[in-house]
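Peer 1: Residue strings, one per chain:
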Amino acid sequence: MQLIRNPFLLMAVLLLGAEVQAAVLPEDRFDLLRHEYDGGGMEIAGPSVLVRKSFADKVAVSANYYVDEVSAASIDVVTSASPYSEKRTEKSVGVDYLHGKSIYSLSYGVSKENDFEANSAHFDLSQDFFGDLTTLRLGYSLGKDEVFRSGDNTFSDEADRQHFRIGLSQVLTRDLVASLGHELITDEGYLNNPYRSVRYLNSGGGYSFQPERYPRTRTSEATTLGLSYYLPWRAGLHGEYRVYSDSWGIDANSWQLKLIQPLGQRWTLESRYRRYEQGQADFYSDLFPFRDASNFLARDKELSDFESTVIGLGIGFQFNKENWETFDRAGLHLWVDRFQFDYNNFRDIRVQTTPGTEPLYSFDATVTRLLFTLWY
Amino acid sequence: MRIALLIVVILQTGCAIKPWVKPYERSRLADPVMNAAGHPVAENYMHHVHQAREAMRGAEGSAGGGCGCN
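Which chain is which? The protein sequence lines are A and B, in order.
All residue numbers for the first sequence refer to the numbering used here, where the first residue is 1 and numbers rise by one.
All residue numbers for the second sequence refer to the numbering used here, where the first residue is 1 and numbers rise by one.
Isolated chain A, as found in the complex:
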């Protein structure tokens, strides 16, 4: 009975009780991705490499190496700083352990830029129930960021992050699977971008800049509902709706439809449409009425009121060769996604006119992904 009084122990007993083999580890694979983002004055490109290998169907290890080569001349940069280039690298390693119907996953990652370093550790548990029709997932992540400012050796600060995740997926029919996920994230520390400024009206009728100032805590919650349906002609239709809110006053939601359509045995076509909407943070303003107009100040367009849409297309080809001894199969995929961002209270101050009457900013971007995969 003492056990039942402790909900964590109770959960542990229920999760670890079953012993029938059902869950499976992720596939052994090697992925080489080339990614490119081009839009709004930003060009970001680089590789991402993933290797995953399992042993004795019990343990799988994985490693990922990711690079962003950034060439930045976005509207924020050209209106308050100088265009720049930088490189971000991210390395992570992980291990999955299969025990009965449970999979325990641990991973650790480090992300580095010349003025930023993030370390994070992740733990996830997945458990199948009810004749394997139900899967429960629990997860926790811990992260620490160190923030610096180029050209200012006196500045450094930190931020701590924690993530709590829970998710459930449920087989409803032999053609339909539903999933529900929820994640709570808490941040504490320096959450600004150290280079960004807000603008305010000055006494001369124009505007001046002062550094942004964010709260040092942020808590957010996001919930996602997903449905996957097997269409009668062999295709997968995937719908997803996500709703979000945080302690900075931002509410957001997105929905997406994705269709995966095979063509014969070797080709696959993918298409997706995604719509995203968000409201602004409580302390956001495109133009503050005067200097230090409030405790917290932001003019980061990612905290403003805006909508975005994405239309994406992809094509894949799979190679199967019976005489391959080392590899099961290989695949080549290409995806192109077209983004459109429309801001409702972030103005394009490259246009010289009366402050606060500049045209609203919008931009589009193209994201290209080329993926080569070997399964072994």
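Just so you know, these hints were derived from the structure itself, not from any lab.
Keep in mind the model is a prediction, meaning the values are calculated, not measured.
Keep in mind that a hint or two might mislead.
As the list claims (entries may be wrong) - Cut-off 27 Å, straight-line C-alpha distance, at most; resulting in silico cross-link-like pairs (DSSO-like, lysine-lysine): (1) B/K22 - A/K58; (2) A/K112 - A/K91; (3) A/K91 - A/K58; (4) A/K112 - A/K144; (5) A/K58 - A/K101; (6) A/K112 - A/K53; (7) A/K101 - B/K18; (8) A/K87 - A/K112; (9) B/K22 - A/K101.
The hints should help you fit chain B onto chain A, whose structure is shown.
Peer 2: Below, chain B alone, put in the same frame as chain A:
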């Protein structure tokens, strides 16, 4: 206490429920077309693109790091 016991009973009973979709009826669910995130590297990258430009974060099924964006 009673609620906890009730949950235990329900879950233990549930473990004995016969699955209404039998294992041999799950071939469609196991088809790769039913995996919307079948290529984790490509999918994680797209999550990163969204995260870097939106305030919304979490519940997207990927582990993120810092972002190379401005």
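Peer 1: It remains to establish, for every hint, whether it holds in the given structure.
Peer 2: Here's how the hints hold up against the structure:
Of the pairs offered as hints, the one joining B/K22 and A/K58 holds, with about 25 Å between alpha carbons and a cut-off of 27 Å not exceeded. At most 27 Å may separate the alpha-carbon atoms for a hinted pair to count; A/K112 and A/K91 meet this at roughly 9 Å. With a CA separation close to 24 Å, the supplied pair A/K91 and A/K58 stays within the 27 Å bound. Restraint check for A/K112 and A/K144: satisfied, since their Cα atoms lie roughly 12 Å apart, inside the 27 Å limit.
Using a Cα cut-off of 27 Å, the hinted pair A/K58 and A/K101 holds, with the two alpha carbons roughly 11 Å apart. At most 27 Å may separate the alpha-carbon atoms for a hinted pair to count; A/K112 and A/K53 meet this at roughly 26 Å. For the given pair, A/K101 sits about 17 Å from B/K18 by alpha-carbon distance, which is consistent with the 27 Å threshold. As the CA atoms of A/K87 and A/K112 are separated by approximately 8 Å, the hinted pair is consistent with the 27 Å bound.
The hinted pair formed by B/K22 and A/K101 meets the criterion: a straight-line CA distance of about 17 Å does not exceed 27 Å.
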